[in-house]
Each structure stands twice: as structure tokens, then as C-alpha cells.
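In order, the protein sequence lines correspond to chains Z and A. Counting in the numbering used here, the first sequence runs from 1 upward without gaps. Counting in the numbering used here, the second sequence runs from 539 upward without gaps.
These are computed hints drawn from the structure, not numbers from a lab. Every value quoted in this text rests on a predicted model; they were computed, and no experiment measured them. Some clues are possibly wrong.
[What the hints assert, rightly or not] Here's a subset of chain Z near chain A, in silico, CB distances under 8 Å, partners left out: (1) S392; (2) S393; (3) K508.
[To be verified] Below, simulated BS3-like cross-link-like pairs (lysine-lysine); rule was C-alpha separation at most 30 Å, straight line: (4) A:K855 with Z:K483; (5) A:K645 with Z:K167; (6) A:K827 with A:K977; (7) A:K977 with Z:K537.
[What the hints assert, rightly or not] The following residues of chain A were derived to be distant from chain Z, with all beta-carbon distances above 10 Å: (8) A581; (9) P856; (10) Q909.
We put the CB at the ideal spot given by N, CA and C, even for glycine.
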Amino acid sequence: MRRIQQLGIVFFLVGLFTFSSTVFVGHFSPNKAQLTALMAEKGITSKVFESSAMETLTNRSFKNISALKTALSVVVESTNDAHRAAAKKKGATKRERKEAYGYVIYSAPKDLAFVLGKASAKGLVAENSLLFFWLSFGLGVLGALLFIVPQVITEGSKGIKNNGIYKQSSTSRGLIAWGVFAYLVSFYLLLYFAPHYAIHWTLLLDPISYALNGGPASHWFVYGFMYCVVMVVMAIRMYIKYRHVNYQLLRTTSVLFFQIVFAFLIPEIMTRLQLPATDFKNAFPLDYDFFFSWNLNKLIDSGGLGLFILVWGIVLTLVVVPVMVYFFGKRWYCSWVCGCGGLAETLGDPYRQHSSKSLFSWKVERWLVHGVLVFAVLMTAATLYSFFTGHSSLLGIRTQSIQNTYSFLIGAIFAGVIGTGFYPIFGNRVWCRFGCPLAAYLGFVQRFKSRFRITTNGGQCISCGNCSTYCEMGIDVRAYAQKGENIVRSSCVGCGVCSAVCPRGVLKLEQGPEEGRINPTEILLGNDVSLIDLLHKK
Amino acid sequence: MEQVVIIGNGIAGITAARHIRKNSDAAIRVISSESPHFFSRTALMYVYMGHMTFEHTKPYEDWFWEKNRIDLIQDHVTQIDTENKLLQLKSLDPIPYDKLIIATGSKPRFFQWPGQELKGVQGLYHKRDLDLLEANAPNAQVCKRAIVVGGGLIGIELAEMLHSRHIPVTFLVREQNFWEGVLPTKNAQLLNKHILSQGIDLRLNTELKEVFGESNGRVKSILTNHNEHIDCDLVGIATGVQPNIDFIKNSSIHTDKGVLVNKYLETNIEGIYAIGDCAQQTELSGQRKPIEAVWYTGRMMGETLAQTICGNKTAYKPGHWFNSAKFFEVEYQTYGWVNSDRRKPEEEAHFHWQHPSENIALSLAYHKDSQVLLGVNSFGMRLRHVVLDGWLTEQRTLEYVLARWADALFDPEFTKNQLPELLDTYQKTFGKTLQPLKKNWSRILNPFKKSL
């Protein structure tokens with residue numbers, strides 16, 4: 001068994017290495033046709049660009065994508081300089097000026113480099129993409145499974161097996177954990193800010209992309225596909241690890257279903273059918289650009305279905321989400337449906353113990369997560385104001401720059417780079433706990449108007465601390481359990497792991513009457529009944 | 539200001555300190571030589587197993603004590619001067635007290651085996667025992683085989699700990715079945731089987747006779763009462779605990795096995811109290827033992843004594859007995875009294891149910907004549923404390939209880955419901971068909987509402 005697992009690690013590392021190294025390989029020789037296609041796709045009409053690009057970009061080979069991007073930047077810059085100069089030229093008529101500005105290129109060079117690079121990629125990987133698909137994705141998945149599946153036997157009989165978690169480098173913030181951290185952070189930075197490096201990844205997945213949505217793979221398609229693959233593999237690990245707890249099995253199946261079907265397949269198929277692609281389960285304000293004008297316009301312009309999506313999105317946030325939280329707690333969303341939660345509960349499960357349980361972290365959490373919610377609401381208010389009035393700024397601040405700031409700081413850095421990249425160091429729910437505005441909103445409902453609670457079982461707690469240690473949301477569960485108090489906390493995502501790891505059967509996630517849900521106690525059950533009564537009356 | 543001094547920062551002493559702080563402004567000092575801060579003793583096993591770090595076993599953050607004005611003093615009390623109300627310490631200056639709470643807990647009990655002083659022979663109770671185990675048995679290369687002596691709760695914990703590091707374990711149990719002094723034989727046999735299935739070399743009817751060492755003073759092998767020699771690198775002694783009160787023996791405080799206390803947890807000296815594992819009750823009635831070395835009773839005594847210290851004189855009257863444990867993968871809970879077959883009184887009868895393949899079982903003790911429930915042992919099935927406690931208080935019959943069993947279930951959602959099989963067995967045993975009632979929150983939350 002050990003041999004198989006070691007082989008698995010080798011396969012996985014080879015797969016990972018192949019996948020990573022494709023970022024740095026290949027060369028690019030754009031031709032005229034590819035340049036024309038690029039201009040068509042990006043809506044570039046400038047003749048200056050065309051001639052300059054033809055001259056400097058074609059009939060030569062770029063050694064790597066960054067060289068191509070640099071060359072493109074030079075062309076774009078000189079093009080824009082020329083047109084801006086023309087616009088500002090003395091004696092230019094208004095029409096001429098407008099025309100000159102019309103030629104200015106706003107697409108980022110990295111996006112142009114992505115399109116042109118993808119079309120003109122040459123080399124071992126680009127010419128053998130199917131082979132490299134199997135050498136990267138194929139080997140990676142096979143290796144991971146060879147490591148995971150034997151755990152059915154190596155982990156022994158079914159039951160909680162957290163043996164050695166704090167003795168292993170990978171799960172106790174050791175060198176391996178920091179390595180994973182660095183890799184994940186780099187991956188997200190590349191994905192968000194330097195997608196032209198992902199050209200070869202998209203080439204590997206083009207066949208799948210064509211089959212699903214009828215077009216070539218974008219770097220977001222790569223991300224979506226990888227998200228699903230990673231979740232499936234790590235869900236198998238969950239199925240093995242928690243095979244004695246049906247709650248965990250069902251929950252894992254649920255997040256997997258919603259990720260693969262709702263977040264991935266349905267939007268891709270909608271794209272193929274030329275419908276407005278949408279993730280029907282993604283609720284505002286987690287889906288922060290739902291009310292952005294481009295999305296509203298797209299929905300309004302796509303007829304009945306677009307309107308349905310618009311109405312559904314609003315109903316989802318205002319009615320479905322809070323009503324469900326009233327009946328089941330926010331877990332129905334955060335750990336049964338949500339994509340971020342889905343990744344956290346599968347890929348992130350080995351790191352759940354790293355969330356800080358200190359009172360200080362709880363304070364930081366409340367300021368941050370509610371701050372992001374306020375930010376999201378204000379941004380949306382400004383967005384809707386601009387949408388309905390046509391004014392591009394509110395109180396002197398440009399709506400566009402508010403949106404850009406949010407997209408960059410919250411959407412990319414917080415949710416992506418920090419949210420997932422920091423898994424191995426700060427635990428798997430950094431984003432959900434400190435950043436997600438939807439979680440903050442659901443939290444209010446859960447805390448003040450819900451039937452959900454984690455019931456503490458009378459006096460049975462022995463303060464061992466397993467529950468707190470393995471709470472991914474950083475809730476000091478033990479602090480409640482050892483006092484005989486039910487756990488009613490806005491941040492609880494109801495993953496159920498505190499209950500699973502409890503050695504004494506003290507915790508149960510359940511729904512019940514609102515009355516008595518929060519039950520501060522002084523003397524615990526099991527002690528003198530008249531004393532309990534006396535102190536309760538006090 | 540009144541000086542309350544507590545010796546021992548375990549669950550009993552710390553619970554008392556917390557509750558005294560809630561209800562009074564007295565100066566509170568807690569003296570301990572074991573660890574700077576309160577930790578959960580029951581969690582030490584998880585530190586060795588790598589589930590947690592030692593930091594995780596501390597139920598309160600380190601700032602908690604200063605914020606609540608609970609002075610922590612790290613030292614060892616050598617003598618109690620009851621005359622001058624003064625505590626002599628090993629290194630620091632003597633400390634005066636107005637009220638003194640002795641909460642020094644237990645220590646492992648050894649039975650004077652020849653060779654028990656050898657290196658590699660140890661108990662498991664204190665923090666230092668954990669450190670010792672880490673040194674004695676860090677892995678299967680250093681510790682090629684471990685012997686665990688004593689078929690109780692600490693013994694099986696120790697076996698599980700060593701097993702988690704792939705160290706082969708030979709487990710010596712004096713009784714015919716594991717923990718048979720406490721459990722009905724059927725329950726004990728279920729556990730025998732489970733222990734064996736984990737790969738533990740379980741030796742029933744087996745006692746330790748002698749420990750042999752090498753010339754360097756390290757343990758080498760043991761001899762059992764069947765005259766069998768077993769080579770080993772560690773001998774874990776888990777044959778029970780005894781009150782940790784040696785330093786009191788030469789004071790005027792009355793002691794027997796533990797510190798003798800009345801129902802108010804008072805010793806013979808005014809202003810001195812004893813709680814937790816080290817206290818020996820002289821006025822307790824019912825089936826309660828004079829010394830109960832259990833987490834919960836330590837806590838309850840702390841809760842009770844704090845009332846007395848704060849002017850609301852309260853007798854220690856624990857409610858219905860309850861306890862819990864985990865035997866490898868099998869969780870165990872008990873409520874009320876289910877006596878072992880050996881100790882079972884004449885009027886106590888048992889109804890057993892066991893899952894055919896899984897480690898799930900239930901034993902209900904009831905009064906032969908009245909059918910009133912006396913106690914429950916559950917294995918692999920979590921039960922709701924408040925419901926069981928209510929049934930025991932209301933003296934419900936077996937029939938009443940089983941029909942409402944859904945109220946008592948505390949397993950995680952979506953756990954397979956065993957009730958049909960359970961009631962089937964009831965039907966076969968008593969020839970009576972019970973209609974199970976649905977889980978009812980009003981019954982659960984208001985156990986005294988008779989009409990339900």
C-alpha cells in the first residue's frame with residue numbers, strides 16, 4: 001500500500017511539474033491572418049496598429065510569451081500616442097478628433113498577447129497538446145488517486161482519523177505547507193493578472209472547451225475545469241475520511257453537484273446555445289457584479305431568459321437565501337451549495353485546523369467581513385444610481401473606479417489570492433470568514449432569526465478541544481460546549497466537523513424552536529437539580 | 539479582601555475559581571506545579587496522537603486569567619500550616635489564605651511490582667507523563683513493543699495512543715473481559731472484539747507480575763501471571779488512580795484514601811475544602827462512590843463549592859450519574875446506573891440490543907417489577923443528556939422510554955435510524971409491539987410536562 005501511495009506522489013509531482021512548466025515553454029510566430037483575427041476579436045480598427053504590428057510582430061519568432069507581450073505593448077503604445085496626438089492636433093475638427101480617439105486601443109497588452117499568443121503558439125506542448133493533457137492533468141489526477149484511495153485500508157477502521165496532523169509538515173505549517181502556499185498564490189496571481197502565461201493550459205483544454213461551449217478555452221475555462229477536477233479528487237478523499245458520517249457524505253456530494261452542474265456545465269452549455277451564461281446558484285453580493293451595467297444590459301437584451309435570470313437573482317438574494325437560512329441555517333448555502341465553500345470543504349479540508357480561535361481574530365473577523373458587506377452594498381448602490389440616472393459618478397467618485405477597486409481588492413486579491421492561496425497557513429475558510437459579503441448577510445439571519453443551532457449535550461463536554469481545533473471558521477466551539485451552551489454564531493457554516501470529531505457525542509447540528517435556542521447556563525446538567533433551578537431563576 | 543487559595547489547576551480547581559470570580563470579589567490564587575495554565579487532561583492523548591498541539595488543550599486563552607483577576611502561581615505546595623493559615627511552597631515565599639481549596643487531583647496507582655522503578659515504566663495522568671511517553675515511545679523504531687497494564691479507561695486510551703504511532707501493543711487485562719468490573723458482560727465482550735479488531739494484542743485474565751530491565755536501567759521485558767515473558771520497551775501502567783495528597787498526610791487535615799469531606803465539601807478544618815479526584819465523600823448516599831475520579835464530578839464539585847465560598851452554602855448533591863468515553867472508534871455514553879453482571883442487584887434486569895455487524899449497542903437497566911428505567915449504556919449511539927436525565931427523574935418505564943426513543947437520539951443528522959431493529963428486539967424479548975412516537979421538541983425541552 002505504501003508503495004502504491006509513494007508511486008502516487010511521484011505521478012502527482014510529475015503531473016504538477018508538467019502542468020507548471022508549460023507556462024515557460026513554446027515560441028510564438030504570429031502571421032498576418034492571426035493578426036487580422038486578433039484585430040477583429042478585440043475590435044481594433046487602427047491602421048497604424050495594423051501596419052506597425054505587421055512590421056514588428058509577423059515573420060519572426062518570439063522566444064516566449066513575455067517577449068511577445070512586450071512587443072505588443074510597444075505597438076499599442078505607439079499606436080495610441082499617434083492617435084492621441086492626432087486628436088489633440090491644432091485645427092482638428094470635432095469629427096476628426098472623435099475619429100482619432102476611436103482608434104485608441106483600450107485592451108490590455110496581456111489580453112492581446114493571450115489571443116495572439118494562443119493563435120501562434122508553436123513548440124512541443126502546443127503541437128502535442130493531447131499528450132501533454134494526459135501528462136499533466138492525467139498524471140496529476142492518477143497520482144492523487146493512487147495516494148488517496150489506499151487510505152481506505154491504511155487509515156484503518158472507519159472513524160475520525162486525525163492522527164499525525166500536527167506531526168506532518170504539510171498539515172502543520174511546515175515547509176511543504178509553505179511550498180503549497182507559494183504555489184497557490186502564484187497560480188492565482190498568474191490567473192488574475194498575467195493570463196497570457198496560461199496559453200498552454202488553455203491549449204490542453206481546447207478539445208473539452210469546444211465540446212462544451214463550442215469555442216476555445218479561456219483561462220477562466222481552465223480555472224473552472226481545474227476547480228471541478230480538484231474538487232472531485234479531494235471529494236473522494238472526504239468520502240474515505242468521513243465514511244462513517246452520512247452528513248459529511250451527503251454534504252460533499254451536494255457541493256460537488258452544484259459546482260459541476262451549476263457553476264460549470266450549465267453556464268458552458270448556455271454559452272454554446274448563445275444564451276447569457278449564468279451560475280444560477282451564485283447569489284449577490286458574493287456575485288458582486290450581478291448589478292453591474294454590462295450584466296444588467298446583457299440580461300435585459302437577452303429576452304425572456306435574461307429577465308428570468310434577473311428576477312431569479314433578486315429573488316434568490318432577497319427571499320430564497322434568508323428563508324432557507326431561517327429553516328436550516330446558513331449551512332444550506334455555505335457548506336452544501338457554494339462553490340467557494342465547496343473548494344474549502346474538499347481541497348481545504350486538510351487545513352481546517354489552521355483557523356485562529358483567538359478572541360482577537362473574532363474581532364478582526366467582524367470588522368472585516370461586515371466592512372466588505374458595506375463596501376459591496378455601497379458599490380452596488382452607486383452602480384444602480386449610475387445605471388438609472390446615467391451619471392457616471394456619485395458624490396464625486398466615479399462608479400467605475402469603485403467597481404474596479406472592489407473587483408481588484410475583494411474579487412481578485414481577497415477571494416482568490418488570499419482566500420485560496422492562504423489555505424495551508426490560515427485555514428480553508430479565510431475568505432468565507434473574513435471576506436465574503438454573502439456570508440456576512442446570511443450570518444445576520446442565522447444569528448437573529450433562525451431555527452438552526454449546534455446543540456450542546458448537557459454536561460457531557462470534557463473540554464478536550466477537538467471541536468475548536470477543527471472548526472474551520474475559527475469558532476471556539478469548546479467555549480460554549482463546556483458551559484453547556486448551544487452554539488449560535490453568525491459565522492458557523494454548519495460543516496458538521498465539530499460534531500464528527502467530538503469523542504463524547506456532545507454536539508449536534510439541528511433545527512428546533514427559536515425559543516431557548518440561546519441558553520446561557522451557569523451550572524451544567526448533571527449537577528444538583530435544585531441548584532440549577534436556583535441559579536436559573538437568579 | 540478575602541484570600542481564596544486553590545491548590546491545583548485542574549478542572550475542579552479552575553471551575554471553582556471561575557465561579558467564585560463570577561460571584562465575588564475575593565482575591566483568588568491558584569497554585570500548580572504541573573503547568574502554567576489550565577489544560578484539559580482528557581485531551582493529552584490527542585497531543586501524542588498529533589490531533590492537536592498542547593496549546594489546543596487549553597480551554598482559555600492566556601490573557602483570561604489576568605483579566606478575571608485569577609492569580610496563577612507556579613510552584614509546589616510542600617506543607618499546609620493550618621494553625622497559621624499558611625502554605626509552604628517549594629521555591630516561593632509562604633502564601634497566606636483565608637479559605638483553602640484542595641484540588642490536587644490524582645496520580646497513577648502502582649502496585650509495587652518488582653522492577654516498576656525501571657526507565658520505561660510509566661503511568662499516564664500528568665502533563666509530565668505525556669512528555670515522558672514522547673521520550674519513551676516516540677515511534678515504533680525506538681519502542682518495538684509496548685505493554686499496557688490495566689483494563690480501564692486510561693489503559694485503552696494508552697493503547698490507542700501507542701497504536702496511532704504503529705507501536706505494537708500488548709494489553710494486559712485482569713478481568714475476563716475488558717472493563718467487566720463496570721460494564722455488563724455483553725458490553726464488555728463487544729469491546730473485546732473491537733480492541734482485537736484494531737490489531738491490539740489483548741490478553742484477558744492476565745496480570746503483570748514483574749518487570750525486568752537491562753543493565754542501563756531500562757525496561758527489557760515483563761513476566762505475566764501465566765509465567766510468560768514478553769519483550770518490550772515500554773510498560774504503561776493504567777491500573778487506576780489514587781488521590782494525590784501525600785503533602786497533606788502530615789497536616790491536621792483528616793485523610794483516608796483521599797481528603798475526607800462532608801456533603802458541603804468541608805474538611806475537618808474550618809475554611810479548608812477539598813474537591814475533585816482528591817476528595818473522599820463521607821456523607822454521599824445512593825450508588826455514588828466516595829471517590830469519583832471523573833472530569834464531570836470534579837467540575838460539579840467546583841461549581842457547588844463556589845456557591846458555598848460566596849456565601850450561598852450549598853451541599854454537593856450530584857444529579858443522575860452520567861459518564862462517557864471513547865474506545866478506539868466506539869463512543870460510549872452512560873446515564874443512570876447499569877451495573878455489571880457481577881455487581882447487579884437482585885431487582886436490576888437488563889435489556890440488550892446489538893447491531894448484527896456494526897459496533898452499535900444499547901443496554902437498558904430496569905427494575906424487574908416496576909419496569910422503571912434505572913440506567914442506559916449506549917455504544918456507537920449518541921444520546922441526549924437532557925432527555926435521559928428527565929426520564930430517570932420521572933422514573934419512566936422501559937416501554938415509555940423506548941416508544942419515545944426518537945427524543946433521545948443525538949446522532950448527527952442522516953445517521954441511520956436503528957429504532958426499528960431496537961423495537962423489534964423489544965418485541966421478541968417482551969412479546970409486546972411498541973409504536974414509536976416522532977421526535978417531539980416540547981417533550982425534549984420540557985421533560986416534566988406529564989401530559990406529553
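Legend entry - In rising order, the numbers of the hints this structure does not comply with: Numbers 1, 2, 6, 8 and 9, in rising order.
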